Amino acid sequence: MTLSKSQTGSKYWIQIGLLTTALTLIFGGLFSTSALADEVGADLPYKVQGNVKNEGIALEGVRIVVAGGGYTAETVTDAEGKWLIGVPEKAGYSVSLDQSSLPEGIAVVEEGGAEQSVEIGPSGVVTKNFFIGAGERIVVSMLDQVIARIVYGLNFGLMLGLASVGLSLVFGTTGLSNFAHAEMVTFGALAAFFVTSVLDLPIWIAIPVAVVLSGAMGWGLDSGLWRPLRRRGLGLVQLMIVSIGLSLAARYVFQFFASGGTTQLPGFDSPKIKLFGATALSVIDIASMVLSLVVIIAFAWWLMKSQTGKATRAISDNPDLAAASGIDVDRVIRTVWIIAAALAGLSGVLWAYFRPGIKWDMGAQILLLIFAAVTLGGLGTAFGALLGSLVVGLLVEVSSLVIPSDLKYVGALVVLIVILLVRPQGILGRKERIG
Amino acid sequence: MSSSAKIPGKPASKTTGLHIGEIRPGVSKVDPIVTIDGVSRRFGGLTAVDVEHLEIPRGAITALIGPNGAGKTTLFNLLTGFDKPDTGSWSFAGKSLAGIPAFKVAQMGQVRTFQLTKALSLLTVLENMKLGAKDQRGEKLLYSLFSFLWKVKEVEIEAKAMELLKRFKLDAKKDDFAASLSGGQRKLLEMARALMTDPVLVMLDEPMAGVNPALTQSLLEHVLGLKEQGMTVLFVEHDMHMVRHIADWVIVMAEGRVVAEGPAEEVMKNPAVIDAYLGSHQDTDLGTITGRITLPKGKK
Amino acid sequence: MDWLAILNNTAQSLLSPATMAFALAALGLAMHFGFAGLLNFGIAGYMAIGAYGYAISVLVFGFEWWQGILVSLVASVIFSLILGIPTLRLRGDYLAIVTIAAAEILRLLFLTTAFGDITGGADGLSGYHNSFRAANPFPEADYGFGPWTYNSVELWVLVLGLLALVACVFVLLLLMKSPWGRVIKAIREDEDAVRALGKNVFAYKMQALIIGGIFGSLGGVIYALPSSINPGVYVTSLTFFVWTALLLGGAATVFGPVLGAVLFWVLQSFLSNVLPELVTSGVLPFISSIQASTIRFILVGVGLMLLVIYRPQGILGDKKELTFVK
Ligand SMILES: Nc1ncnc2c1ncn2[C@@H]1O[C@H](COP(=O)(O)OP(=O)(O)OP(=O)(O)O)[C@@H](O)[C@H]1O
Ligand SMILES: [Mg+2]
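Protein chains in written order, with the numbering used here: chain A, 1 to 435; chain B, 1 to 300; chain C, 1 to 326.
All the pointers check out, no bait thrown in.
As a list, the in silico DSS-like pairs of lysine-lysine whose alpha-carbon atoms are at most 27 Å apart: (1) C/Lys-177 with B/Lys-140; (2) C/Lys-177 with B/Lys-174; (3) B/Lys-160 with B/Lys-174; (4) A/Lys-128 with A/Lys-90; (5) A/Lys-47 with A/Lys-128; (6) B/Lys-173 with C/Lys-177; (7) B/Lys-140 with B/Lys-151; (8) C/Lys-177 with B/Lys-104; (9) B/Lys-151 with C/Lys-177; (10) B/Lys-153 with C/Lys-177; (11) B/Lys-153 with B/Lys-169; (12) B/Lys-174 with C/Lys-319; (13) A/Lys-272 with A/Lys-128; (14) B/Lys-160 with C/Lys-177; (15) B/Lys-166 with C/Lys-177; (16) B/Lys-134 with C/Lys-177; (17) C/Lys-319 with C/Lys-177; (18) B/Lys-104 with B/Lys-140; (19) B/Lys-169 with B/Lys-134; (20) B/Lys-104 with B/Lys-151; (21) B/Lys-174 with B/Lys-134; (22) B/Lys-153 with B/Lys-134; (23) B/Lys-173 with C/Lys-319; (24) A/Lys-82 with A/Lys-128; (25) A/Lys-47 with A/Lys-82.
Note that these hints are calculated values from the structure, not bench results. Quantities reported herein were computed from a predicted structural model and do not represent experimental measurements.
So that you can see chain A by itself, here it is in the shape it has in the complex:
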């Protein structure tokens, strides 16, 4: 039981003070002594490498970032202009050269600019050399960068939102913190992959099929597992650990069938279209955002207006009262599971495009961000979860302007902890009764 009310404001500030001091000590202390090596992850199975030269002269200290499939690493070139970054998978990666680390007066003069995509070849190694020459580097203003990050953050946040409203609904109606939600996300992506690659159907058919299959999965899980367990009277902590077991089992079942590698959905590499400033989105990105928005609005309408939606909110509010007033709680919970799973499945497809790539543990990679979003919004409130998702999405993307890109999730997680300190009931949640 929370004793949130027994805290005084000043105590909170002392605690925040302690926490931030500790974190700044960690961050500050480590940052100041660090320098980057020219080889990163050399023992990983696949490698991306290159040599940065301008008219035959090696350039030292140029910053290179390789990202893809949820993995990010960066390095700087050595005295010979060479760099090498190990990557975990045989997949597509984006390689970007930080032009602000180039000497004055030269720039990447290649078609497509300083960010290029590469695909690991059969040898397991791919070489990417940028064409560098005298030229005006297109300086991207900070404002433009921030705007671009905000747009990406919104895209990411909307995708997270699809997953987190479902988790939040399930929590609200059943009290379960469902760790296996991550696997419902992965399942959606895998289902879409199955339809596009094995059945060879286009993606616009694959998405609805994946959503329907996910929904069916949600129905199956509720009637085959969760409802019987509720009947048995398992406690919430027990249920939570069951969901962890399910999450592990499902994750490795996916690995069993889909292997450990990364695969792609069609159109994942569709070209980016420059919109404004530094903001460039692919057709897929735009479609993804529109789709998320439409689905979320439809969901909100369902929750506010439909009979079942109202019943759902009533159950989240007070299950006993709802049951007593004649609501068929089991039926509503079943609907909630179907909708939660369907939304998670859809977000899985979008996540597969955003990463990009489909992998057996792709859902688990964002599970904590989903939890962060749901907790930020206040456990169990669907709109809070949506708001939390947008905050997390923006935070992750915008913060990567100032902190190393492989630490971008850390910002969101730290904020999660700090928010819980100040407002344990989340942004839109309520306090609960004591005594």
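Based on these hints, arrange chains B and C with the ligands on the given structure of chain A.
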């Protein structure tokens, strides 16, 4: 301050002369143990507690009554540090309690029980009791590793616990898990456990709720016994017969405010109280609302 | 099929540094969850602190091995304080999410290239053994018999691990038999009741968090002692595996976590040896040996579910003293 609770059904002799001046809500007491000033607590739009001034007399049994949702439990939570008021100050034995955490309040001798019983069901009855004892060295992390440092105290506590358990007729159950106790026995256990702390002020939230009539009588005696031992008792109760039977002073709350206070007989006649409880059904006797004790004939 | 080799490998895991590391971590969790009711899902973070604390203080600060262990323990106490101050007042499920997030933050901090000079980034750390091996009291020789044959370095690691484990078991036993343990068990059930009796619940929870954290961190040290530190180990799955070991043995018991860890590793190494063998010998058709080795993790997940549903008190637990209070 004398009492004779031994004859069942007969009201205990009351402590009188507790107040100073004319009786009205917020009247000063001769020797207050708790003083409350301007304490209010809101939940969203609802004002659960809004007490301008209130004093609880020392060495007496005070009943806090009022209809459901009047704010009695909330006031208990505020007084014991389990909740924080939005405004106001309050003190216990002359020391201000604002900002003092619940456990410190309890250490100062102001110990409470809960409306929803909190027997620790996976501990045995005896362990429950031992947990209540104060100043145990063995409860400190470093001392706890060396049993010779706390064995003696442990034996002392156990003796004290057994004595209390005997008084509450729970001694036969000492090695049972508290989970196996009946609802009424749990109420008794919770009260006995609270007494292990040697409290100055005992605050009981509905000690009779769910206790069967046979046990009620012995509980009443226990409460009276506490006064005899010099403790102050503040209890919340819906059972008007019990209130009339043992309370020296009665405080009536409705919608968060103190609407009346005074000796039991007088308060029960107060129109504001009848109004708060019954609304329009003013011809009903208050005692029949939740009455569980049958008083001897002629007492009415 | 080479049953002898399979049994040999399985028997080895009865007494291996990994088993003891798991046992220590599970013992820490028993303190946290089993006794104090704290839903700590960040035990992997504590193990990472143990491992990295040891290796970094030896490699970067040139400490002796035992100073390195002390640094690890102190670091785990600091982590407990940072983690506990904001979160111990929260409801159980919040605590689960915050601890898992905190462990993940730690892992990402150890993994990032930004601090690569100290943490080794994605490569992890190795080569921190000199001081520890120089202190080896056992002369160069082969010890033991059968599957339990060790050279002097391995023996030194084992002995140290065993000592740590026995010490921690002993401390936990004493603690839980004392009045301190009584307060802790009461807090697990209803902290408001304990508060009403004048006990500083927050302080007790913090103490429990610190002690369990020390056990977990010690487990991390033992895990790192034999060879090297790989950041890919300290993921949330490690936390879940330790939880499985804990629940298998019995969460609210002192010997349960040890038994659970041993069984977990014995089963894991048996399956990881036997499953690929079954594929090569054609008993398991249609699947590759990589798939076969995935099966054992599926079984962990399924096993965890079945355990929590059908025997939540674990092997050694008492049905009456249910592990899951709320
Ligand atoms: N945590 C809370 N959040 C919102 N409202 C609350 C909370 N606690 C109490 N209330 C409200 O405050 C009012 C007073 O509640 P309280 O529990 O103090 O009443 P009470 O006098 O003890 O009633 P009863 O005799 O039924 O126990 C009620 O209307 C209740 O709904
Ligand atoms: Mg009440």
